[in-house]
Every structure is written in structure tokens, then in C-alpha cells.
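Novice: Construct the complete structure from the given sequences, taking the supplied hints into account.
Residue numbers (the numbering used here): 2 to 151.
Hints listed in this document are in silico derivations from the structure and should not be mistaken for laboratory results.
Keep in mind it's a predicted model, so treat the numbers as computed, not measured.
Certain hints may be false.
[Unchecked claim] SDA-like mimics (lysine to any residue), calculated; alpha carbons at most 20 angstroms apart, straight line:
hint, residue 1, residue 2
1, LYS80, ASN135
2, LYS85, ALA113
3, LYS148, MET89
4, LYS85, TYR111
5, LYS85, GLY102
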Amino acid sequence: MKNILLATVTLITLASPAFAQTATTSASTTSAPAVVTVPPSTVKMPVVASTSIFATIPTGEDLSSNLIGLDVYNGANVKIGTIKDIAMNAGRVHAYIIGVGGFLGMGDHYVAVTPASITISYGQSDKKWHATMNTDAAALKAAPEYKYAT
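Specialist: Pasting the structure below:
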């Protein structure tokens with residue numbers, strides 16, 4: 002009877018949640034983990050100055066979301082492609098990936114162009130972004146194709 006009572010008490014003790022406030026140690030043979038509650042006043046969290054990890058973005062800042070999907074026009078105001086992606090290197094724009102000749106995103110010929118070859122501006126009158134290049138669609142289609150790594 003003692004063995005059944007001892008087994009039942011041990012089982013209930015192991016199965017119930019622990020509510021201890023401090024760590025206790027005992028020489029018993031049970032392997033139940035001790036629960037330690039640390040008062041909040043003893044926990045020291047590192048203080049991080051807000052200026053070290055957060056940035057303030059001025060109104061009108063250039064964002065990649067404004068550029069990806071932007072149609073590119075030539076000097077005659079003829080659409081010659083669409084900015085599909087932006088290649089970055091060491092935190093700077095390395096190239097714009099222009100999609101040329103596709104229809105509804107299918108069959109695009111991708112070309113990487115230097116940032117200096119494309120002019121991106123924001124029109125205050127129409128409140129839209131504009132991209133222009135001094136070339137035509139035929140020249141972009143004839144350019145070496147950029148292929149994404151697989």
C-alpha cells in the first residue's frame with residue numbers, strides 16, 4: 002500500500018505544474034527540474050541607443066518599391082522596357098535589370114544597365130516616377146541577356 006501511495010504522490014508531483022518561487026535542492030532521487038523565478042529588478046537588459054539601429058527616412062526618399070515595375074521610356078516618349086530588379090553591390094546600385102520585349106511578363110529579355118545610363122526622376126506635376134534612357138527597344142533586345150542564377 003505504501004508503494005502505491007508513494008508512486009501516486011510522485012506521479013502527481015511530476016505531472017503538475019511547478020509553482021516554486023526560488024530554486025530548491027534536495028537529495029531525493031527524483032529528477033524533476035527545479036524552477037527558478039528571477040525577480041525583474043535583477044534582470045539587466047542592454048540599453049541600445051535608438052539612433053544606433055533605427056533610421057529616419059526623409060519624406061520623398063527614393064525607395065526600390067518606387068522603381069521596380071517602373072516603365073522605361075526613350076527620348077521620344079516610347080516605352081522601351083520595365084525595371085524588373087535592382088542589383089546592389091556594397092550597398093550601392095550596381096545595375097538596373099530591364100525587361101524588354103515581353104508580353105504580360107512572359108518572354109522578357111533581361112538586360113543589366115548601369116545606373117548612369119538611366120535617368121530616374123519624380124515629376125512634381127503628375128506625382129509619378131519616370132525613367133528614361135537614350136536608346137531604343139531594338140538596342141536593348143540586341144544587348145547581352147542577363148540571366149538570373151538558379
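Novice: Are any of the numbered hints broken by this structure? If so, which, sorted upward?
Specialist: none
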